[in-house]
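Trainee: The chain contents come next:
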Amino acid sequence: MVEWTDAERAAIQDIFSNLDYEDIGPKALRRCLIVYPWCQRYFGGFGNLYNADAILSNPMVAAHGIVVLHGLDRAMKNMDNIKNTYAELSVLHSEKLHVDPDNFRLLADCLSVVIAGKMGTAFTPEIQAAWQKFLAVVVNALGRQYH
Amino acid sequence: MSLSAKDKTLVKSFFTKIAPKAEDIGNEALSRTLFVYPQTKTYFSHWKDLSPGSGPIRKHGLTVMTGYMDAVEKIDDLLAGLLELSELHAFTLRVDPANFKIITHNVLVVMAMYFPDDFTPEVHVAVDKFLSKVNLALSEKYR
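Here the protein sequences come in this chain order: C and Z.
Quick note: the first sequence, position 105, residue 105 per UniProt numbering, numbers continuous.
Quick note: the second sequence, position 25, residue 25 per UniProt numbering, numbers continuous.
Bound conformation, chain C alone (with noise of 0.2 Å):
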């Protein structure tokens, strides 16, 4: 079981609790789909990513993003039981979408630096680990059910 001081549990409900998951959803997906295009395979139906622009301006892009965000809550919620919380997404992702899990590392690294940019110096040294300790719990137990 993942062992969470005092410190970093804090650190995570305060991000969570100052989350404007409409702003920061959408950027993080936008700018994964940017930075890592090979991304863009699992979004076939999405419509127009050909470029930048088109990505950023893609509705169902954005309306994504939200959705993939409020994906985090439940292990907010239950910081002690990541694990066995996301076994069912994991089972979809790997079953039914066919996602390459080293794809959830991307999208987490994006939505640090996306994070970073809205905190500023506010996210320190201390909240980035924490936070970054938390995506990885997310990511690893993401990719658990994958066989």
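Everything labelled a hint here was simulated from the structure, so no lab data went into it.
Be aware that one or more of the hints could be misleading.
[As the list claims (entries may be wrong)] Cross-link-like lysine-lysine pairs, in silico, DSSO-like; alpha carbons within 30 Å at most:
(1) Z:Lys141 <-> C:Lys118
(2) Z:Lys21 <-> C:Lys133
(3) Z:Lys41 <-> C:Lys118
(4) C:Lys118 <-> Z:Lys129
(5) Z:Lys141 <-> Z:Lys12
(6) C:Lys133 <-> Z:Lys48
(7) C:Lys118 <-> Z:Lys48
(8) Z:Lys129 <-> Z:Lys6
(9) Z:Lys129 <-> Z:Lys48
(10) Z:Lys6 <-> C:Lys118
(11) C:Lys83 <-> Z:Lys8
(12) C:Lys133 <-> C:Lys77
(13) Z:Lys129 <-> Z:Lys74
(14) C:Lys133 <-> C:Lys96
(15) C:Lys133 <-> Z:Lys8
(16) Z:Lys21 <-> C:Lys118
(17) Z:Lys21 <-> Z:Lys101
(18) Z:Lys8 <-> Z:Lys141
(19) Z:Lys133 <-> C:Lys133
(20) Z:Lys74 <-> C:Lys133
(21) Z:Lys21 <-> Z:Lys41
(22) Z:Lys17 <-> Z:Lys133
(23) Z:Lys129 <-> Z:Lys21
(24) C:Lys118 <-> Z:Lys17
(25) Z:Lys74 <-> Z:Lys48
(26) Z:Lys59 <-> Z:Lys8
(27) C:Lys83 <-> C:Lys96
(28) C:Lys133 <-> Z:Lys41
(29) C:Lys118 <-> Z:Lys59
(30) Z:Lys8 <-> C:Lys118
(31) C:Lys133 <-> Z:Lys141
(32) Z:Lys101 <-> C:Lys133
Once you've looked at the hints, dock chain Z against the given chain C.
Mentor: The following block gives chain Z in isolation, referenced to the frame of chain C:
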């Protein structure tokens, strides 16, 4: 994944913009590397103070950023331009090349922190590609 003309333009103009804050960026990026990825501290056991923002970190952060800015000048032939630095890292410092990616990630995070409006997704991908090529050039002489 080679750099297009547009990538090079974006990299050059962004690095010109961030140049005045090079020391702060280097300090923050290196501080985070040592703090968030503690295994990297093994390369700096000869420093008295490894806490974020310490004197040695601030000084060395500037050294690293100066290296990146120099690499921007040599963007058209990084392999040749970074040959000496590669030899330094390979034979003298013997830094595991896996760590180059760690510093790169933290540089990107700090760029977003200090320049949220300028560090757009397009600039991000151009800079990430550039830093990846720098890392590759630094790894050249290892084996």
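Trainee: Hey, Lys133 of chain C versus Lys48 of chain Z, does the alpha-carbon distance stay inside 30 Å?
Mentor: holds (27 Å)
Trainee: Given the proposed pairing of Lys129 of chain Z with Lys48 of chain Z, does the C-alpha separation stay at or below 30 Å?
Mentor: violated (34 Å)
Trainee: Holds or violated: Lys133 of chain C and Lys141 of chain Z, Cα atoms, limit 30 Å.
Mentor: violated (33 Å)
Trainee: Does Lys133 of chain C sit within 30 Å of Lys21 of chain Z, going by the straight-line distance between their CA atoms?
Mentor: With a Cα-Cα distance of about 28 Å, the restraint between Lys21 of chain Z and Lys133 of chain C holds, given a limit of 30 Å.
Trainee: Please verify whether Lys118 of chain C and Lys17 of chain Z have alpha carbons no more than 30 Å apart.
Mentor: Since the Cα atoms of Lys118 of chain C and Lys17 of chain Z sit roughly 19 Å apart, the hinted pair holds (cutoff 30 Å).
Trainee: Would the pair Lys141 of chain Z and Lys118 of chain C pass a check requiring their Cα atoms to be no farther apart than 30 Å?
Mentor: Between Lys141 of chain Z and Lys118 of chain C the Cα gap is close to 39 Å, so the pair fails against 30 Å, i.e. violated.
Trainee: Lys21 of chain Z and Lys41 of chain Z were given as a pair; does the straight-line alpha-carbon distance stay at or below 30 Å?
Mentor: holds (24 Å)
Trainee: Given the hint that Lys129 of chain Z pairs with Lys21 of chain Z, test it: the Cα-Cα distance must not exceed 30 Å.
Mentor: Holds, because 21 Å separates the two Cα atoms, which is no more than 30 Å.
Trainee: Hey, Lys133 of chain C versus Lys77 of chain C, does the alpha-carbon distance stay inside 30 Å?
Mentor: Between Lys133 of chain C and Lys77 of chain C the Cα gap is close to 16 Å, so the pair holds against 30 Å.
Trainee: Decide if the proposed pair is consistent with the structure: Lys83 of chain C and Lys96 of chain C, CA atoms, cutoff 30 Å inclusive.
Mentor: holds (19 Å)
Trainee: What's the verdict on Lys8 of chain Z and Lys141 of chain Z, does the C-alpha distance respect the 30 Å limit or exceed it?
Mentor: Given that 30 Å is the threshold and the Cα spacing comes to 25 Å, the pair holds.
Trainee: Does Lys101 of chain Z lie within 30 Å of Lys21 of chain Z when you go C-alpha to C-alpha?
Mentor: Distance of about 22 Å is within 30 Å: holds.
Comparing the model with each numbered hint stated earlier shows that hints 1, 7, 9, 11, 15, 20, 25 and 31 do not hold.
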